[in-house]
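Student: Spelled out from the first residue to the last, the chains are:
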Amino acid sequence: MENNINFNNIPAEKFRFATKNDYSHDSKFQTKPVSYFQGAFRRFCKNKGAVVGGIVIAFLVLFAIIAPFLTPFNPAYYDQVFAFATPRNELFLNTNFWDGCKEKNNVGSLEYFKDRALGLETGRDVIKNGEYEVSEDGKNYSYRYDTYYGVGFGAYKIISMEEYLDIQRYQDATGRQVIYPTVAKADRPKTTQDQNNANYYYKTEKVGNKTRPVMDENGDPIPVYWTYEAGNLSGLMAEYNSKRIEGENGFIGEDGKQYFYAYGRLVDGGVEVRTEYYEYYTYIHTQVKKDGIGEPSFLFGTTGTGKDIFACLAYGARFSFVFAIIVAVVNFVVGVIYGSIAGYFGGKVDLFMERFSEILGSVPTMIVITLLKYHMGSSSHILVLFITFFLTGWIGMAGTTRMQFYRFKNQEYVLAARTLGASDRRIMFKHIFPNGLGTIVTSVALVIPSMIYSETNLSYLGIINLEAGNTTSVGTLISAGQSAIIIPGAAYVAFFPCMFLVLLMLSFNLFGNGLRDAFNPSLRGSED
Amino acid sequence: MYMFKYVMKRLGLMLFTFSIIFVMSFVLIKLLPIHVNVGPNEDPYIAYKQLEGRGWITNIQKGENGVYTYDRVPIMLQLGTYLKRIFLHGDFGVATTYGEYLNKPVWDVFVSKLPPTILINIYSTLLGVPIGLGLGIFAALKKNKWQDQVINIFIILLISVPLIVLGLLIQYLFCFKLGWFPLQVSLSKEYFTWEVFHSMLPAVFALSLGSIAGYARYTRAELSEVLTGEFMLLARTKGLTKSQAIYRHAMRNSMVVIFPSILSEFIGVLSGSLIIEKMFTINGVGGLYLNSITFQDYDFFMLLSAFYTLVSLTAGIVIDISYGFIDPRIRMGAK
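Note that the protein sequences, when read in sequence, are chains A and B.
Okay, so the first sequence: first residue is 1 according to our numbering, each after it adds one.
Okay, so the second sequence: first residue is 1 according to our numbering, each after it adds one.
Note that these hints are calculated values from the structure, not bench results.
Only a predicted model underlies this, so the values are computations on that prediction, with no experimental measurement involved.
Among these hints, one or two may not hold up.
[Claimed, not checked] Derived PhoX-like pairs: lysine-lysine, alpha-carbon spacing no greater than 20 angstroms straight-line: (1) B/Lys-177 <-> A/Lys-104; (2) B/Lys-30 <-> A/Lys-373; (3) B/Lys-30 <-> B/Lys-84; (4) A/Lys-48 <-> B/Lys-145; (5) B/Lys-9 <-> A/Lys-348; (6) A/Lys-185 <-> A/Lys-206.
Produce the entire structure from the sequences given, and follow the hints as far as they go.
Tutor: What follows is the structure, given as structure tokens:
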């Protein structure tokens, strides 16, 4: 202040006339105007959780769209022999993870012997890398067991002569061994439960009512293949001119003559053979069915009925998304129309419409779905599900829309529009509705996961069965997974569908919350 | 007086809604074909006679090919008979197709299934509510500190992970991997023994996790809003310590909103959770309902759907009414 005291002594030359440029009012804003949706988008992007949620949702949607095209399997496919095949990824074959093996812990020596004998014959790693651990008392074995190679031979298979010849052609062309030397009837196990079991190519004896292998002095199996002298094929044997197992190329017997193994036994209706199921499966799928499936390999493993989990999950996810979006759109349209009429006109109309939706909304979903199922039992379950979700689903949307209409209908701009002569419909859908759109869209986004969730629950409970043709549901998979959790090493059946559901719900929750906050205009500017 | 009028109005409305749902279900059920459950070589005549006795059909005649024909009683007459029997004799009908309970009164079967359902839900509420409230209060008091953030992540996880997955995880981990609990709930009728309680624990745990998360989130939001209120400043200014102020003023005010939902949860325990009952094979009402759907047993369906509707309507109304009783500031129905 002291510096300004002598103001009456300012020299006159310090003054000059102001020019036009010195006025700075009416200048343009330096910043750009931010529209409602731009602002909402900016607020949304600031919310890290919501963005991550959005990315995960995009990933899951992509999975649902693309995955069904990537896999040759579909939900209708099943193969009982490859039930509970563990997840296998070709890239992980040399690790102890995702390699299609499972841990066998402390199994008896008999089981170990069987697995080893199978590996010895086929030359595959039924026991991974041949590594095993023996417990201190020498009775129990632990090792990683390959669930693909371990299926072995199953029962003796009777195939037609044409197929027998075709397999030989296939063997010569590819160098794969499908048919293995067979065992004479007399040398097969004597017990009823094992006499048709083709895994026993070695000498066995009957102890009680169990089959026990007879080992040589090294603890190895003693093969008891059916043999014949060269050029002296028995009338019971089927001729075989193809790839022979390793080490056999007509061996010299004790009597100095040349012997061969027999590969097929002639029976009524064809040839009885021992086929390794792994190779037979490959043969059937590549040569006969030609359905794009090659060697058995299931990325997410298989269920107890031998369904491919990856395909089921992909098709189930695709169905869930498509279904939820269709229902959400229908609910959106109906709910918005209903809600805007109730909200805009208010009064008696509103009271009546509210009462109607309240009564409809208080009918428990379970009762609706049961009644529909009784009445439409023969028709598709998808239709039942659709009607159920539609009957009660639009009510929430109508409520949201009604609230928005109550909020905006008495604002000045609406009154102005009405004064200018705008029709009711124009005011409702051109003036009020776009303002409430953000909130309404958010509620659509939140409805989608809840619909997938209910659909999963209903199919888990078995009320709705979507398993028909190429549709299935994540809930059905989880149900299959639950019955498998008591089987050691089969937890993965439940793991993948559960993981999908958790990711979906979590990301939709984060995403929906972010969307809700972003569209909330009262938060505008609070982030700066 | 306002309160009384309001309660009566709500109750009347609820009764109206209930009767509409009830009558609609009844009509829709009676439009369906009748199923009769008889063995391969048994004559279904007795079964039809029984249906006639209950007033559903008349004029049973045996056709030449051995197939019975009958006329249906008009549905509104059937409804009258049904209601009369319920109100005069408490008779809800007998099971007609549900193999296990064939010809048994559905009401008796229903009552016998109630205890396990209620017990599991009561236990889970008793476990879930205090823990949920405690976590919520703790998080609100430590708002924006690391404890709050940890609890927040926990809440979001628990709310997002579906009950199926939670139940499955608990069953896998505690019942199968660790073997602490049996895989299924004991079927013993002695409900208050250690064995039954022990076998129920995983189901209780799975059910309570959801309500823990719900209450924690709710309490945290409510309490932290109340804590910023100006009367809290006044309470501190007049000399209360922080804990006194929180206990006497903040907590009570936040409970106004939370208490009604606790009340309604205690009513909701009756209906139970279908998923948990299926997962842990609990021999309760949910399983009965699911089975009666498969068997298409209509008397069971009518009783159980009336029950479920009543429970959900009552739970809703209790929330609204208890607001008025708890919070003197709310005078509902007041002009």
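Student: Going back to the hint list, which numbers does this structure go against?
Tutor: Structure breaks no hint.
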